[in-house]
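Generate coordinates for the entire structure from the input sequences, incorporating the hints supplied.
So the sequence shown is numbered by full-length UniProt numbering: it starts at 1 and just counts up by one.
Wrong hints could be hidden among the right ones.
[To be verified] Each computed DMTMM-like pair below joins lysine to aspartate or glutamate, with the alpha-carbon atoms no more than 20 Å apart:
| no. | residue 1 | residue 2 |
| --- | --- | --- |
| 1 | K84 | E149 |
| 2 | K310 | D392 |
| 3 | K450 | D392 |
| 4 | K76 | D392 |
| 5 | K256 | D230 |
I should point out that these hints are in silico values taken from the structure, not numbers from a laboratory.
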Amino acid sequence: MSQPSLPPHHPSHQPPQSQGAQRPPSRGRRAKPALKLIVGGALAVALVTGCGSGDDDDGGQNGGSSQGAQAKTLGKVAMPKVGKETNTMGTWVTDTTFVKGDVNKIVGYSLDGAKSRWEIPLGGQLCWASPHMTKEGLTAVLFRDGAGEDAQCTRVGLVDLKKGKLVWQKEGSDSEGNAGVQFDEVTIGGGTVAAGGTGGGGAWSLDGKPLWKPAYLADCDDNGYAGGDDKIVAIRGCDSEDSSTERLEVQTVDPKTREVTSSYKLDEKVEYAHVISTAPLVVAVDTGDSDAGTGTTDILTIDDSGKQGKLLSTVDVLAKGYQPNCPATSVEGCTELAFDRASGTLYLSSEVDVDHGGPGERISGLNLKTGKETGKTKMAESRSLIPIQTDDDGSLIAYLGSMYSEAGGVVRVDPETFEMETLQTHPDDMKDVESDLDTYGECTMIYAGKKLYIGDSRASRPSSDSAGRPLAIVFGA
Numbered sequence: 001m002s003q004p005s006l007p008p009h010h011p012s013h014q015p016p017q018s019q020g021a022q023r024p025p026s027r028g029r030r031a032k033p034a035l036k037l038i039v040g041g042a043l044a045v046a047l048v049t050g051c052g053s054g055d056d057d058d059g060g061q062n063g064g065s066s067q068g069a070q071a072k073t074l075g076k077v078a079m080p081k082v083g084k085e086t087n088t089m090g091t092w093v094t095d096t097t098f099v100k101g102d103v104n105k106i107v108g109y110s111l112d113g114a115k116s117r118w119e120i121p122l123g124g125q126l127c128w129a130s131p132h133m134t135k136e137g138l139t140a141v142l143f144r145d146g147a148g149e150d151a152q153c154t155r156v157g158l159v160d161l162k163k164g165k166l167v168w169q170k171e172g173s174d175s176e177g178n179a180g181v182q183f184d185e186v187t188i189g190g191g192t193v194a195a196g197g198t199g200g201g202g203a204w205s206l207d208g209k210p211l212w213k214p215a216y217l218a219d220c221d222d223n224g225y226a227g228g229d230d231k232i233v234a235i236r237g238c239d240s241e242d243s244s245t246e247r248l249e250v251q252t253v254d255p256k257t258r259e260v261t262s263s264y265k266l267d268e269k270v271e272y273a274h275v276i277s278t279a280p281l282v283v284a285v286d287t288g289d290s291d292a293g294t295g296t297t298d299i300l301t302i303d304d305s306g307k308q309g310k311l312l313s314t315v316d317v318l319a320k321g322y323q324p325n326c327p328a329t330s331v332e333g334c335t336e337l338a339f340d341r342a343s344g345t346l347y348l349s350s351e352v353d354v355d356h357g358g359p360g361e362r363i364s365g366l367n368l369k370t371g372k373e374t375g376k377t378k379m380a381e382s383r384s385l386i387p388i389q390t391d392d393d394g395s396l397i398a399y400l401g402s403m404y405s406e407a408g409g410v411v412r413v414d415p416e417t418f419e420m421e422t423l424q425t426h427p428d429d430m431k432d433v434e435s436d437l438d439t440y441g442e443c444t445m446i447y448a449g450k451k452l453y454i455g456d457s458r459a460s461r462p463s464s465d466s467a468g469r470p471l472a473i474v475f476g477a
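Take a look at the structure:
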């Protein structure tokens with residue numbers, strides 16, 4: 001898409017929000033499906049990414065200053081027995097509990113993942129789980145209205161992750177008052193739970209009172225919503241006059257009323273839009289020719305302080321070869337990236353090919369005020385290097401993938417020098433499990449309390465190549 005001139009930056013820094021780039025080849029690797037991003041509530045360790053692995057011998061020495069602590073496998077959640085692939089989306093960590101979506105339920109575990117503490121039965125399969133939770137440990141989920149084949153994604157629930165309770169469940173209604181609206185995804189922000197999709201949209205307060213649903217217009221729909229601490233952002237699609245494609249608009253709305261406080265119309269070439277962060281407002285867009293799995297051709301930073309949004313910067317993801325991992329049609333869900341709001345820096349990984357010293361991966365930092373690169377790590381040779389989150393001091397936490405001869409680990413990247421320091425190295429006897437999670441799973445990663453949590457968003461029947469793959473695993477010293 002065309003790159004307009006950049007207006008002056010509007011200094012606004014608040015928290016971010018945030019499915020499958022191809023990684024270096026490993027054991028017949030296939031392109032991965034989407035991975036989920038969590039903005040972590042109580043622990044404020046917030047960005048989540050997916051797994052990665054390679055198959056050569058680098059040992060974490062590319063820019064690393066140490067081997068780090070030798071981590072142990074603290075706990076594993078067994079893969080449920082299912083007849084076909086089943087959604088188990090949802091991975092969260094509070095100050096007391098590791099919480100994982102499971103088959104028709106949500107389960108809370110001890111922080112080491114070794115013991116089950118509580119269980120919330122849902123009566124139907126999870127359809128979507130918000131990556132966000134409030135400081136009080138509240139989050140939102142979307143699940144089916146039964147266990148049968150004809151069950152639909154109509155139930156919106158507010159979950160207390162600290163107490164292990166389904167606080168309430170609601171159904172939306174259409175413009176004619178008919179209940180049972182089907183939703184595609186759900187989010188939480190500004191004291192509001194908002195569910196949206198092609199079937200309709202609706203919002204509820206945290207005490208379960210209906211707040212609003214988008215005004216009915218024959219040619220327009222709310223495709224979905226993104227949440228933040230005090231914000232809701234809607235992606236609104238309206239049919240174009242001269243074609244069957246939609247013209248997308250990014251709307252910052254009042255969480256209580258849905259009154260539009262700022263609006264920015266995307267280029268007519270944009271087919272899909274994904275919200276990476278609500279404050280500052282950062283949107284990944286796909287003009288239809290993105291690299292396989294990334295779901296993104298450009299990343300836009302938008303000033304939404306006025307009625308009319310203004311474009312601050314554009315990052316050409318396609319040209320630079322960056323590999324965010326954004327869902328094809330969903331508004332939220334971008335992963336394999338991390339965002340530091342204090343410095344306005346976005347971290348993305350990219351592959352390094354044989355002609356430039358590869359195969360391998362490196363991470364680059366991008367200043368979203370200017371759209372320019374601030375630095376990059378050395379190459380992780382023949383293994384993945386994926387952003388997870390940023391620390392309070394602005395340093396980046398990243399996952400160094402497993403390979404044939406060595407398991408994966410966690411590294412810290414200095415935001416100024418981009419040198420890497422190994423924080424923990426995983427047990428060698430788990431390298432195959434890590435590789436299987438990456439190759440066959442759709443996993444979420446959270447680093448909290450010196451532990452790495454990996455949760456698979458889908459349960460599936462084991463194959464001969466992935467018989468030992470768990471639903472979730474916890475590594476720590």
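### Ascending list of hint numbers which this structure does not respect
When the structure is compared with the hints, numbers 2, 4 turn out to be violated.
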